[in-house]
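Assemble the whole structure, with the sequences as input and the hints as a guide.
Residue numbers (our numbering), protein chains in the order written: chain F, 1 to 558; chain G, 1 to 558.
Just so you know, these hints were derived from the structure itself, not from any lab.
Any given hint could turn out to be false.
[To be verified] Distance condition first, Cα-Cα at most 20 Å in a straight line; then the derived EDC-like pairs of lysine to aspartate or glutamate:
#, chain 1, residue 1, chain 2, residue 2
1, F, Lys219, G, Glu544
2, F, Lys212, F, Asp48
3, F, Lys251, G, Asp30
4, F, Lys251, G, Asp346
5, F, Lys319, F, Glu555
6, F, Lys292, F, Asp52
7, G, Lys14, F, Asp30
8, F, Lys241, G, Asp386
9, G, Lys241, F, Glu555
10, G, Lys251, F, Asp30
11, G, Lys219, F, Glu555
12, F, Lys241, G, Glu419
13, F, Lys15, G, Glu122
14, F, Lys395, F, Glu430
15, F, Lys212, G, Asp31
16, F, Lys15, G, Asp30
17, G, Lys14, G, Glu263
18, F, Lys251, F, Asp48
19, G, Lys251, F, Asp550
20, G, Lys251, F, Glu544
21, G, Lys89, G, Glu263
22, F, Lys241, G, Glu555
23, F, Lys241, G, Asp31
24, G, Lys251, F, Glu122
25, F, Lys241, F, Glu122
26, G, Lys14, F, Asp31
27, F, Lys467, F, Asp448
28, G, Lys424, G, Asp442
29, G, Lys219, F, Asp31
30, G, Lys15, G, Glu155
31, G, Lys370, G, Glu404
32, G, Lys251, F, Glu555
33, F, Lys212, G, Glu404
34, F, Lys219, G, Glu404
35, G, Lys15, F, Asp550
36, F, Lys251, G, Glu122
37, F, Lys219, G, Asp420
38, G, Lys251, F, Asp38
39, F, Lys251, F, Asp31
Note that the structure is a prediction, hence the values are computed from the model and not measured.
Each chain, letter by letter, is given below.
There are 2 protein chains.
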Amino acid sequence: MAHKSDIEIAREAKKRPIQEIGARLGIGSDDLLPYGHDKAKVSQTFIDSVQDRPNGKLILVTAINPTPAGEGKTTTTVGLGDGLNRIGKNAAICIREASLGPNFGMKGGAAGGGYAQVVPMEEMNLHFTGDFHAITSAHNLLSAMIDNHIYWGNELEIDQRRVVWRRVLDMNDRALRDVVTSLGGVANGFPRQAGFDITVASEVMAILCLAKNLADLEKRLGDMIVAYRRDRSPVYCRDIKADGAMTVLLKDAMQPNLVQTLENNPAFVHGGPFANIAHGCNSVTATTTALKLADYVVTEAGFGADLGAEKFMNIKCRKAGLAPDAVVLVATCRAMKMNGGVTKDDLGREDVDAIRKGCANLGRHISNVKSFGVPVVVAINHFVTDTDAEVEAVKDYVARQGAEAILCKHWAHGSAGIEDLAHKVVQLAESGAANFAPLYPDEMGLFDKIDTIARRIYHADAAIADKSVRDQLHAWEQQGYGHLPICMAKTQYSFSTDANLRGAPTGHTVPVREVRLSAGAGFVVVICGEIMTMPGLPRQPSAENIRLNDAGEIEGLF
Amino acid sequence: MAHKSDIEIAREAKKRPIQEIGARLGIGSDDLLPYGHDKAKVSQTFIDSVQDRPNGKLILVTAINPTPAGEGKTTTTVGLGDGLNRIGKNAAICIREASLGPNFGMKGGAAGGGYAQVVPMEEMNLHFTGDFHAITSAHNLLSAMIDNHIYWGNELEIDQRRVVWRRVLDMNDRALRDVVTSLGGVANGFPRQAGFDITVASEVMAILCLAKNLADLEKRLGDMIVAYRRDRSPVYCRDIKADGAMTVLLKDAMQPNLVQTLENNPAFVHGGPFANIAHGCNSVTATTTALKLADYVVTEAGFGADLGAEKFMNIKCRKAGLAPDAVVLVATCRAMKMNGGVTKDDLGREDVDAIRKGCANLGRHISNVKSFGVPVVVAINHFVTDTDAEVEAVKDYVARQGAEAILCKHWAHGSAGIEDLAHKVVQLAESGAANFAPLYPDEMGLFDKIDTIARRIYHADAAIADKSVRDQLHAWEQQGYGHLPICMAKTQYSFSTDANLRGAPTGHTVPVREVRLSAGAGFVVVICGEIMTMPGLPRQPSAENIRLNDAGEIEGLF
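Pasting the structure below:
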């Protein structure tokens, strides 16, 4: 096995022209809008033309609660896509786009790893096809129009203290979290408290990822609440008349991006909403388009299955009319060991007992996924330090849960290392075993939905909330928002709201600190803990070492 | 003549695939990085490969002082390019990219007009190939890194009151002109006064447009002054270690964009610096690349010749080693009438006397251009309301100045309407009459350079400045910046600093209010009057009417 870095492997990729990748899916070159020679958008015209086709099988890749050891969810998504193609299936993957800003703080995230990657890796971590820039523009146009409305007389009677629409930048910039704007005198407007989030936290991002088409996008943008009046009645984006222009700014961004894996298989990379205050999945348009073009579509959701899969099922699938045919739950021996109490420095040492102990986390995710009526298989993403005894311990545990765990070596061997999983996924998806249903019905009360997630997914005793929070939820129910699903924002490191509680905790409660209405995206965000929507840069930002070398290659980004 | 709007004409364009346009210039499809089917970037590799070729002829299109009547400088640039191709020459045009933000305030600017336009018009007024978004990202990365540096201990001892590097957005947003950042407590840094400009006002934009290549870009970015210490010593971008990462963010943006005219002739559209606090020309890389690929390159500069041509000559040509072979000075009968005192409402009525009076403005521009040693021809951009007597009055006047004025009907007839001008331009450019020299030598003192521009170009009695301004200029000379050219920022409507003084005023002085050092771009900005670097939106922003119609077309943008 080669000991090359991800970027070295990515740079050696023998990429095919993107038109060839499109042709594999039946997309003619007229319907592929190229961005360079290795990236393209799929035209809306083409997407419209395939709506009557049957859907392929939808496979969700999710994971145990993340640990610093890393699980390799995206790597497994890419590997499985390649594996399915290797065993003769027509498969595509759907993953999220990366946010530009954070790459200048810590080193950039690859799209996958080892021999299971999507390329072009560098462009995907920089401007890519400009989608996030378009979201930034659309978001900030609305911001400017709100202040402009107030400036010119405030006909809508916006309470300037209750403008909830902030601004965004795709940059880690803590100085912009809390600002006072419109200083400097009469010509600059009315000073007020304001602030910036990072672009991926924008409700526009969540909407772009949930909208079925441009008409739906425009409607959802119009539905967004941007401010309140003194009487607490909401002011909508539609009232500001920004929805049409925002849609124009987003019309190209709405078209899914097509790139390729190292093995030249098709990969849709589109959208990237936060996995805490939003639902953390790639776009509905990418997934539904891929399902029309491929027999198998492998996709992933952010964080562990308690957040990612839950939101994928209860928000994305519910709203887009999707139903997964199988779920792959990614685990690693290293992560099991950490869940079993081993510290990061000791991960290199065999510790079967710790694995057995840590498997409780995995077991709970297995039963949770099953509760959605979807068959599940565990992928053990192999690390070179894993011992046979450790792998067997995981397999044994999973077998006792009524599922199967399959060792996967796609990181080291690409599709050749993941054939067994591919065959198993095909078997599960074709078995007809899936009988998907969301966890709760639309009609359930908002707090009951939260409580249901807390009990059924987090295995907590209950969700708890102050009267003010409950009153707010009731008010939204009165205003017609009671049918919305819940978008939980809590730590991804634990089933509980305490990041240090690994494994499969019980006896905990889920305290709700705050609730927010994303009326355009169509969910109620339930915040349990600190949520950071504008990151800062570290003491030594990676940007200090990023540069072009004499060969014109980017150094320091990865 | 059809009475179609610019956008109707643009939508009827029979565009050729951009690869065909590239092939006309000898650019292979591997060296064209497509953005959709009608836009492409020219690869740096290709640009490097043509450096040893001889240059074509460089033609500058400039104009009289602008009036609300409109002169049609870009329209004439496009028309002349088409006209040169029509008469059998291999010609390309080079124009600037449009800023996105202002389109949501007032209706968007087309690239040209009538039958002399560049397409795709809508994309060019929206995200285009993402260059401006890249500049926004690069600029704001530096901003974030400055505040981050201060946050983590301020090793460079930046005086927080003297951070001169602001932030940018490509949006008209007056609320961001003056802000206080880093509020909200310890985790968000040290509160300080800050602000945002529009992206085109960024020094990064000016640098992108003046840099010869990526290495030069990185050096210039490093040279930018971002703050001062208490002892007034400058802190450079290089000290913040942002120059490398900014270069990475700008590496695609540095490659010139290729599109086409309505007549399928090549058009480079690249860069768009402000014409007041910056030099207002398209990029050096686009112009120098075009000169290697075409026998004639037609380009333009912002505002009238007093600002645009002067900066083109003294900043762009000087720094890039370019020398124009001929200048086309655009005038209209309508603008001559306004210069002669006619109000906008009365422009439809014949008024030969007013034209004769207004021609003084044109005459001064003619002699100014000649003073650079470059032959000049006047293009009368025809309006349907122009009478023969009016056109003859302009022609007579110009003839008396020792030049020729040629009536051009490219707006109505495309290249067929501008053949005479094309022939004349060829004759001038091939005559060898050009003997270009900048107005002042590098070695001249900074204030003397300002005074020289004031006297020789504005025909003022003198430039005047407070002691503080003169002291600042002296200080920069001591610090080694004395060799820099001057970038004047004054009203574009008059030779003087009073916008209402039309025609060819004399007896005025040029009061310098403020000077700023753009150490990376490489010029000293001299501000005479109010300069707005962050526009606001009007009471009824055009954004309110911009939307996609049922046919998927953009309404309200034009």
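Against the structure, the hints:
The suggested pairing of Lys219 of chain F with Glu544 of chain G holds, with an alpha-carbon distance near 15 Å, which does not exceed 20 Å. With a C-alpha separation of about 11 Å, the suggested pair Lys212 of chain F and Asp48 of chain F falls inside the 20 Å cut-off, and the hint holds. Annotation: proposed proximity of Lys251 of chain F to Asp30 of chain G is violated, straight-line Cα distance about 28 Å (limit 20 Å). With a C-alpha separation of about 42 Å, the suggested pair Lys251 of chain F and Asp346 of chain G falls outside the 20 Å cut-off, and the hint is violated.
Distance check on the hinted pair: Lys319 of chain F and Glu555 of chain F sit about 42 Å apart at the alpha-carbon level, beyond 20 Å; violated. Among the hinted pairs, Lys292 of chain F with Asp52 of chain F is consistent with the structure: their alpha-carbon atoms are about 8 Å apart, no more than 20 Å. Taking the CA atoms of Lys14 of chain G and Asp30 of chain F, the gap is about 15 Å. The hint holds against a cut of 20 Å. For a cut-off of 20 Å, the pair hint linking Lys241 of chain F to Asp386 of chain G is broken: about 40 Å separates their Cα positions.
A hinted pair counts as satisfied when its Cα atoms are at most 20 Å apart, and Lys241 of chain G with Glu555 of chain F qualifies at roughly 14 Å. Pair hint Lys251 of chain G plus Asp30 of chain F does not hold up; C-alpha atoms about 28 Å apart against a cutoff of 20 Å. Taking the CA atoms of Lys219 of chain G and Glu555 of chain F, the gap is near 17 Å; set against the 20 Å cutoff, the hint holds. A threshold of 20 Å between alpha carbons decides the hint, and for Lys241 of chain F with Glu419 of chain G the separation of about 46 Å lies outside it, so the pair is violated.
Under the criterion of a C-alpha separation no larger than 20 Å, the hint pairing Lys15 of chain F with Glu122 of chain G is inconsistent with the structure, at around 32 Å. Restraint check: the Cα-Cα separation between Lys395 of chain F and Glu430 of chain F comes to about 23 Å, which exceeds 20 Å; the hinted pair is violated. With a CA separation close to 36 Å, the supplied pair Lys212 of chain F and Asp31 of chain G exceeds the 20 Å bound. At roughly 14 Å between alpha-carbon atoms, Lys15 of chain F and Asp30 of chain G fall within 20 Å of each other, so this suggested pair holds.
At most 20 Å may separate the alpha-carbon atoms for a hinted pair to count; Lys14 of chain G and Glu263 of chain G meet this at roughly 8 Å. Distance check on the hinted pair: Lys251 of chain F and Asp48 of chain F sit about 14 Å apart at the alpha-carbon level, within 20 Å; holds. Between Lys251 of chain G and Asp550 of chain F the alpha-carbon distance is near 13 Å, which keeps this suggested pair within the 20 Å criterion. A distance of roughly 17 Å separates the Cα atoms of Lys251 of chain G and Glu544 of chain F; the hinted pair therefore holds under the 20 Å criterion.
With a CA separation close to 14 Å, the supplied pair Lys89 of chain G and Glu263 of chain G stays within the 20 Å bound. Of the pairs offered as hints, the one joining Lys241 of chain F and Glu555 of chain G holds, with about 14 Å between alpha carbons and a cut-off of 20 Å not exceeded. Of the pairs offered as hints, the one joining Lys241 of chain F and Asp31 of chain G is violated, with about 42 Å between alpha carbons and a cut-off of 20 Å exceeded. Under the criterion of a C-alpha separation no larger than 20 Å, the hint pairing Lys251 of chain G with Glu122 of chain F is consistent with the structure, at around 12 Å.
About 37 Å separates the Cα atoms of Lys241 of chain F and Glu122 of chain F, which puts this hinted pair outside 20 Å; it is violated. Taken as a hint, the Lys14 of chain G and Asp31 of chain F pair is honoured in the structure, with Cα atoms around 18 Å apart against an allowance of 20 Å. For the hint linking Lys467 of chain F to Asp448 of chain F, the alpha-carbon distance of about 14 Å falls within 20 Å, and the restraint holds. Between Lys424 of chain G and Asp442 of chain G the CA atoms are separated by roughly 33 Å; this puts the pair beyond 20 Å, and the hint is violated.
Distance restraint check for Lys219 of chain G and Asp31 of chain F: the Cα-Cα separation of roughly 41 Å exceeds the 20 Å cut-off, and the hinted pair is therefore not satisfied. Our distance criterion of 20 Å between C-alpha atoms is broken by Lys15 of chain G and Glu155 of chain G, whose separation comes to about 55 Å. Taken as a hint, the Lys370 of chain G and Glu404 of chain G pair is honoured in the structure, with Cα atoms around 13 Å apart against an allowance of 20 Å. Pair hint Lys251 of chain G plus Glu555 of chain F holds up; C-alpha atoms about 13 Å apart against a cutoff of 20 Å.
Proximity of Lys212 of chain F to Glu404 of chain G is assessed by CA-CA distance (about 60 Å); at most 20 Å being required, the pair is judged violated. A hinted pair counts as satisfied when its Cα atoms are at most 20 Å apart, and Lys219 of chain F with Glu404 of chain G does not qualify at roughly 57 Å. The straight-line distance between the Cα atoms of Lys15 of chain G and Asp550 of chain F is roughly 38 Å, outside the 20 Å bound, and the hint therefore fails. For the suggested pair Lys251 of chain F and Glu122 of chain G, the alpha carbons sit about 12 Å apart, so the restraint of at most 20 Å is met.
Between Lys219 of chain F and Asp420 of chain G, the direct Cα distance comes to roughly 53 Å. Violation of the 20 Å bound is thereby established for this hinted pair. Our distance criterion of 20 Å between C-alpha atoms is met by Lys251 of chain G and Asp38 of chain F, whose separation comes to about 17 Å. For a cut-off of 20 Å, the pair hint linking Lys251 of chain F to Asp31 of chain F stands: about 15 Å separates their Cα positions.
Hints 3, 4, 5, 8, 10, 12, 13, 14, 15, 23, 25, 28, 29, 30, 33, 34, 35 and 37, counting from the list given before, are not met by this structure.
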